[in-house]
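Number of protein chains: 2
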Amino acid sequence: MSRQVVLVARPEGSPRETDFELRDADDREPDDGEVAVRNVLVSVDPYMRSRMTGVRTYVPPYEIGDVVDGAAVGRVVASRHERFAEGDWVHSRLGWRERGVAAGDELRKLDPELAPPSTALGVLGMPGLTAWIGLVDVGRVKDGETLWVSGAAGAVGSVAAQLAKLKGLRVIGSTGSPEKVEWLQSLGIEAFDYNRTPAKEALADGIDVYFDNVGGTQLESALFALRPFGRVIACGAISRYNDEGPVPGPRNLGLIVTKRLRVEGFIVLDHTDRFRAFIEEVGPWVRDGKIVCRETIVEGFDNLPRAFAGLFSGDNIGKMLVRVGPDD
Amino acid sequence: MSRQVVLVARPEGSPRETDFELRDADDREPDDGEVAVRNVLVSVDPYMRSRMTGVRTYVPPYEIGDVVDGAAVGRVVASRHERFAEGDWVHSRLGWRERGVAAGDELRKLDPELAPPSTALGVLGMPGLTAWIGLVDVGRVKDGETLWVSGAAGAVGSVAAQLAKLKGLRVIGSTGSPEKVEWLQSLGIEAFDYNRTPAKEALADGIDVYFDNVGGTQLESALFALRPFGRVIACGAISRYNDEGPVPGPRNLGLIVTKRLRVEGFIVLDHTDRFRAFIEEVGPWVRDGKIVCRETIVEGFDNLPRAFAGLFSGDNIGKMLVRVGPDD
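Taken in sequence, the protein lines are chains A and B. Per our numbering, the very first residue in the first sequence carries number 1; after that it's consecutive. Per our numbering, the very first residue in the second sequence carries number 1; after that it's consecutive.
Hints are computed from structural coordinates only; laboratory data are not their basis. Only a predicted model underlies this, so the values are computations on that prediction, with no experimental measurement involved.
You can't tell identical chains apart in this list, so a pair holds if it fits in one copy or across any two.
Only pairs whose alpha carbons sit at most 30 Å apart, straight line, appear in this in silico DSSO-like list of lysine-lysine:
#	residue 1	residue 2
1	K259	K165
2	K259	K142
3	K259	K167
4	K290	K165
5	K142	K167
6	K200	K165
7	K290	K167
8	K142	K200
9	K167	K200
Take the sequences, apply the hints, and build the full model.
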């Protein structure tokens with residue numbers, strides 16, 4: 001019998017392991033048009049924290065008792081859908097389960113010859129598409145501009161920083177540890193540790209675009225550093241997701257008027273029609289090693305809640321994944 | 001000898017009369033290419049408050065000892081510029097003076113047969129252009145959308161509200177007194193007094209666009225009320241101009257991401273190339289009475305500082321002007 005992770009309490013502040021429970025699943029066989037999948041790598045993503053609060057935003061919240069759904073890659077164990085055969089690698093929304101059954105139409109077949117299946121959860125999946133949409137469609141970045149990316153060692157930030165560099169921008173990345181700074185520097189990105197270097201100092205030359213993964217005081221620093229006609233790509237606010245109740249915003253919003261700034265939010269789900277264009281541009285860069293896709297892989301299904309909580313304390317470098325089964 | 005108003009102290013909080021001094025001017029005659037003008041109506045505008053703080057934004061600050069320059073209309077008393085003759089009505093940047101000399105190239109001749117000269121300071125001048133640019137170029141408002149305008153009885157807000165109605169939007173205006181609410185309602189605008197009706201209640205149906213003249217808590221209310229893909233036209237923040245030091249911003253900026261909002265600031269000075277297109281659309285509406293241009297005219301040059309301070313306590317309905325001399 002396979003296992004699954006169920007939300008049993010809405011997290012207060014940082015998510016705790018007691019907010020979740022491992023339960024046995026009902027391992028049914030697929031019906032017509034369905035496919036049974038054994039998960040291999042399961043994604044934990046910051047946006048899931050918002051879904052745990054019970055407030056409806058752009059996706060319905062998780063209800064108490066729900067299995068935590070989300071992105072995963074795995075292998076087909078039984079198929080009643082013509083496009084899938086046993087052994088195929090697939091991307092699914094089955095989430096925090098060892099095994100599950102999904103409509104074949106909701107699965108995407110992966111070719112492990114083209115790219116490692118794990119990249120479908122990172123650089124060539126939603127995090128990568130998020131970085132690309134943010135830069136291209138929202139920020140409309142241009143060659144020669146200066147970009148600041150916060151959370152630059154994260155799944156989205158590390159792709160955004162590398163993409164922007166390939167597009168001819170000067171890229172400054174902020175992150176939360178010396179090890180992460182070193183990694184970013186090894187990619188040719190000017191990086192600083194926000195715990196050690198004030199953003200004001202690191203951004204003293206000014207910036208044209210801010211890719212915001214963090215919110216809060218870093219957004220305030222960005223508004224100060226932005227040049228006239230600058231843009232904020234409002235992607236996320238990981239510094240805020242564990243807040244209990246509302247927290248005052250930046251004290252310098254008046255600069256939006258005086259500097260003629262544009263602050264624009266986006267959600268990658270609205271842009272899935274751009275997936276093909278994204279893969280066409282970014283796929284070759286990944287294949288040729290021009291974009292490095294680092295992953296932090298936590299071993300073991302039991303560790304899903306702990307890996308998820310670790311996102312908010314910065315445990316990951318690059319994309320955080322949990323291995324719940326063997327490749328083969 | 002004519003008089004002028006000089007800034008003698010940077011206002012702390014609300015501007016006071018003691019921040020200004022009336023001084024005699026050096027009434028020189030125009031040189032070649034110059035024109036001497038007797039001011040008739042002088043504009044007082046909220047943006048002037050920022051220029052008094054001494055911080056450079058998109059315009060240089062007023063320095064202590066400077067005459068307060070700004071928009072005014074008046075009549076030519078002596079001309080050494082081929083395009084101007086004695087008696088002509090002109091729009092100038094001579095500001096808080098009874099009389100001044102300006103380069104002819106910096107003046108705009110007004111035809112009092114086409115529209116009352118005072119409209120060049122309001123509905124057919126910078127405030128009107130501001131409203132139009134905000135709606136058309138920044139907010140890109142569409143027929144059938146719902147717009148909230150704060151400061152809706154002010155110089156910019158009252159034009160924005162009426163323009164949006166003519167463009168087929170549902171318009172909700174907020175303002176600060178029952179008299180102003182009544183005036184707005186007489187124009188067919190749904191209006192509420194923010195001192196009496198919580199914005200949350202007045203905006204319960206949701207809005208698509210927020211034209212922000214006020215900032216602060218009203219911006220927070222807008223973020224709550226905006227529907228997905230809504231826009232904030234960030235025009236001004238009159239509630240904040242008298243602040244001493246930074247004040248925390250709205251507590252709900254996370255909604256910019258989850259609702260995919262666009263918050264965009266603009267400064268009308270960047271859009272003067274759109275003046276002709278603006279006049280072509282809005283001129284006929286003003287001529288035909290489809291846009292009502294109300295003015296609050298304070299009498300007497302001595303009252304310039306008091307009229308200016310009154311902007312921040314909501315003394316004006318429509319455009320605030322000071323009459324400093326007779327029409328003829």
